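Enquirer: Put the complex together from the two separate chains, hints included.
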Amino acid sequence: MADRSRSDAYWAANKRLIYLCLAIWAFVSFGLGIILRPMISGISVGGADLGFWFAQQGSIYTFLILIFFYAWRMNKIDREHGVEE
Amino acid sequence: MDQFTLNLLVIGATFALYIGIAIWARAGSTAEFYAAGQGVRPVTNGMATAADWMSAASFISMAGLIAFGGYNNSVFLMGWTGGYVLLALLLAPYLRKFGKFTVPEFVGDRYYSATARLVAVVCLIVISVTYVVGQMVGVGVTFARFLEVSSTTGLLIGSAIVFAYAVFGGMKGITYTQVAQYIVLIVAYTIPALFISLQLTGNILPQLGLIGSYAPGGGDVAFLAKLDQVVSELGFKAYTAPTDNMLNMLLVTLSLMIGTAGLPHVIIRFFTVPKVADARTSAGWALVFIALLYTVAPAVGSMARLNLTTTFWPAAVSGNALDGEALSIEEIDTNPQLSWIGTWRDTGLLVYQDKNGDGRIQYFNEPKPLADANKALAAAEKALAEAPADADKAPLEAAVAEARAARDAVLAEVQLGGVSLAERGFVGNELTTVNNDIMVLANPEIAKLPGWVVALVAAGGLAAALSTAAGLLLAISSAISHDLIKGAIKPDISERGELLAARISMAGAIALATWLGVNPPGFAAQVVALAFGLAAATIFPALMMGIFSKRVTKEGAIAGMIVGLVVTSVYIFLYLGWFFIPDTNVLPNTPDAHWLGISPAGFGPVGALLNFVTAYAVSAMSKEPPRHVQDLVESIRIPKGAGAARAH
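Protein chains in written order, with this note's numbering: chain Y, 1 to 85; chain W, 1 to 648.
Extracted from the complex, chain W is given alone in its bound form (with noise of 0.2 Å):
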């Protein structure tokens, strides 16, 4: 059977199997729809919760920023993991307490004011469209790649899908779609990383793999040094080396934990639980199925990255990268075990050229002074070809033998592993597209596995993308329908006109995601700086200072939320641009621009600090919350009559 069929049949089945659980799990009553009836188990939260959290980020493209970023990239490693501490101990059991849909909703109760929610909504609506937008993106870059369709084809399948199972299931059918969702993504995660362990470390576990010892050198070396030696040689940064700008890293993690704290589509999924108690236990069954996937990552990254370049270098299994040849060109030609090179090149996620026309690839980091040389001779000879036929070539002519002469003092100038470049005979780089993703989507190939698993992998990249879709979807079409229309516009709406606008209010979510997924403003990957900085500066802290203040007031909540809304986002629109429109940042997006160094995602504990503050303050200068507001709190913070809590 042929690879597309596979694919095809793994993928089918996989949808076939939501779609029987959308039909199963229909939502009779706007408490199913918005916290599936409240009866969901913790272990089988934890699980949804774990899909919900795992988005097409989490699974394609984490490994490969961590084997490319190595060390300092561990901050998505703690970050996306320790924001479940802060939900376990200072968010989930008291906001599962108060019994009620949505996070607006307990905003606009806590805080006596229907501004307050409004305000609320619309940090939900920003921080969730941004997210979704690269689920959808997701979705039709797996589709385009594995199944052969064109991606808008694949996004308006994969929006089909999510259409069966959200609008007539809502919460009760994402949640069981989401359990199934899963069970795929891990066990597509996982095998290939095993196999890969095992020929790599001697170690089926990849979480002792990675502090194992490399096998095919022999075995009396670590994994990691391995790692660290062959990329240093080839110029790259060591894979453990340590931080350049601690600060930045320390505040990138915190804002990261806080972020995923105050991520409405992840704070209702505890919403689901029957009492307290299992709010708690919820949040620690979540993280040991999202360890399993992060446990591994790292190992992933690493293994594949060292693979990667042993591919490239073949000396460098046993010895030195450089005492032998680069791989040939007739060798990826005509080795069938090396045919993916071929197979992602199409793509464009692999790209080699052979600049110095020794018919090898030879893959190393250019220095920067080479780096600069090689692009300012590119652009003279785009300027000379580009050139009218009638025009007079010949100043063009110097100027491209001028920048080739610098470039050769500069190539006589630089060393790898002690001999210059022009003694080597290298020009460049010649593997020059070497994308994220392929770490994991490539990696079945590269470790020769056989064709299911590539199968196994294209699904679980679609649940991983489509369970996130889903849970942003609810999180956004229940501010609409709850918060919106029934808390402001019609409070008099029945039960079966809620349950009938929240059904419309996500087939127009769906709508507008799919839109936004076809039509991607361009600024995909920059907009999660964006959501998880405003969800640590505006959500995180109203919720934390609602459970933990009596004291705070509306007046007070709403500044704090404002400011922290305004200033994180103009601090991050000042170096990616207004809105993210290429072109009009303020100042560069480098390191030594960034005010005390810190990057526009590390943005967020300040932002959530100066909340902090500004509610603290406008507080202390206003009239103290009402009685019935400090009774709320007080109640809030004791599990008992949860269960009763579920009548609302």
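Just chain Y, with the same shape it has in the complex (with noise of 0.2 Å):
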């Protein structure tokens, strides 16, 4: 096992990493898809609101992205404090 201080700042480069992309994951489902709806009903994607496509379909396409992104910001982190396979 690398030594303490090397993990614990693998562990804390992680976490940052989590926090990034569960505000992301919260900010399009919860925020623009619930909360945030009424207040940006004006802006349009094609035939529904802003709000409603998130709900329907944007906020998928978004964890998607998020898991593949975070995915690969790990293996880079894992790399940079040598704990890779």
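There could be a bad hint or two in this list.
[What the hints assert, rightly or not] In the EDC-like style, the derived pairs of lysine to aspartate or glutamate whose C-alpha atoms are separated by at most 20 Å in a straight line are:
hint: 1; chain 1: Y; residue 1: K15; chain 2: W; residue 2: D631
hint: 2; chain 1: W; residue 1: K550; chain 2: Y; residue 2: D8
hint: 3; chain 1: W; residue 1: K100; chain 2: W; residue 2: E495
[To be verified] Over 10 Å on every C-beta distance to chain Y, these chain W residues come out as not near it, computed from the model:
hint: 4; residue: V129
hint: 5; residue: E331
hint: 6; residue: D390
hint: 7; residue: L587
hint: 8; residue: N589
It should be emphasised that the hints constitute simulated quantities derived from the structure, not laboratory data. Here the structure is a predicted model, which is why all the values come from computation and not from measurement. For every residue, glycine included, the Cβ atom is placed at its ideal position computed from N, Cα and C.
Expert: Spelled out as structure tokens, the structure:
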């Protein structure tokens, strides 16, 4: 196992990335899709309003991008801290 | 070739494929039986996870739920996909690094306690058994509808197929069968959707058709605006109407998200990949394959609903529904393109009744006063019809006359499109039943697609139900053979003995699920709320704290799980009846009676919060976890060495 301070730094970097991804995760679904929908109803995506589109389409696409982004960044962080397989 | 022969051929071909895979992918060791030898590629695992996850509910029911619930039911779309972000970020990589076979095994090791492991087994079995009942019922119903056998016979055939590949192949057989089942179900779901989107919006991609324009009306009005106009005119809530309970919508979404991440049969799929990095990308691939269906579902639902409405109100295609006449019964009986209405009427999923005797079927939303008045009139008429021949009928006849006068007064009052119902000659909604499920099952017929597409939808529904059932059965049987028999009752059991025990547990679980499918407890629909609520309130917090905290102790985790389990079940039982027995509910299941307006389906996050708070509070009062447990937490946080963890 890597020494203590190194593994702490790795874990901290992982947690920072998780916070960022979860903030976006919550913003597109709970934020744009539900809470903010009445405020952004003037913006339209084709025949739908932005909040509605995020609730039925957009948040799913964002979730997809988020998971692959996290996997890609974590692979890089793994290598930087020498804990990759 | 007639439709029955086509159905038989297509379903028979898919079943032959599943059996073929079962023979090819036999499990030779417990590692293969529980985790497919931890050698499944991330994309393959993603596809298998998608089939594992997407059940009869996703395939058959979800589009209908969204069609009639509109924007409010977006909770299913966001909730059932958002959980994969939580899985990929918070659970899957670390549990893969842990490198063992079951969820209770992790709980037992991390919380250094056989009791914690047992509590996790109880939670797992409650969640998975409630879930599997719905799948078995789905298999029976699909067989009955498309192959004209009784639903019990259908259920037995389905169970025999699952038996073949799950008992012999374990996780290995299930994985490769699920890949085949995914392909069958996604093709079956998307083909009708592409055609319908093309017909209604001129855009072949349903995702774009949903936000495109409505082609049959000339193309200058948006599809969603057209749908809103037509359903609002008939007194229904607009499809895109805002939610009337934002807090509940938020909590139900969150409950489905956390619940998804805490479902044991989904989590164990991530034990099958070779490396930690693979567990992360595999969650992404799973969501790619799930999104193919989930982004199409709202289009399928909304388009099928508009199609259904314009079928009954032909004038709605180019203008206002009520400017023209409703569909006539003569047309239904004679137009071959509308023969599906009769077919589905035979199944009871679509029921019409010409109440005002004008030979036409008026489909609209009865306002509450009218619905109440019609109900009172029907009750009075029933009392009169059932009265014994020698009874004094005068008071009963008077009651009917009174109820009819009251109903007629309501008809004169209530307006639809600015004209009173009495003036229009309507007495009530005449399309009395439109089951959610026909939005998917009858879709190919409504869109006038060829017979092989109908057969494919039948095979797709079976694939969705069987793949989920198999995943759940594996979670149940591995909890019994690995956590109960090897973990608690007979720790010195040999590898061969455990493999045999796993196969026997699997056979037992299939027998139990089949029995429950034949004799469904009558609450299959409500238990979904329980399964997700419990997964959110018990397993998810226990796993997350086990990974992200070194300080949470066995006392804390056990107390947290029990509090989550008890409080969440009690809240659900208060509104849905004790153990779902009808009429034992203490409070009515209505928004006004819900605590803070939170529906039983939205209580999961509250249960999870109580679990977290209890676990941290109790942990702070108990002795910190031993050194080797803190080392275990350190080690699962680091990807290096997951390959070595395969040796277990």
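Enquirer: Each hint: holds or not?
Expert: The hints, checked one at a time:
1. For the given pair, K15 of chain Y sits about 19 Å from D631 of chain W by alpha-carbon distance, which is consistent with the 20 Å threshold.
2. Only pairs whose Cα atoms come within 20 Å are accepted, and K550 of chain W paired with D8 of chain Y is accepted, the gap being roughly 13 Å.
3. Using a Cα cut-off of 20 Å, the hinted pair K100 of chain W and E495 of chain W holds, with the two alpha carbons roughly 15 Å apart.
4. Non-interface status of V129 of chain W relative to chain Y is upheld: no Cβ of that chain comes within 10 Å, the nearest being about 29 Å off.
5. No Cβ of chain Y approaches the Cβ of E331 of chain W within 10 Å, the least distance being about 31 Å, so the stated non-interface status holds.
6. Every CB of chain Y lies more than 10 Å from the CB of D390 of chain W, the least distance being 61 Å, so the non-interface label holds.
7. For L587 of chain W, the shortest C-beta to C-beta distance to chain Y comes to about 26 Å, beyond the 10 Å cut-off, and the non-interface label holds.
8. Once the 10 Å rule is applied to beta carbons, N589 of chain W is consistent with being away from chain Y; the minimum gap is 23 Å.
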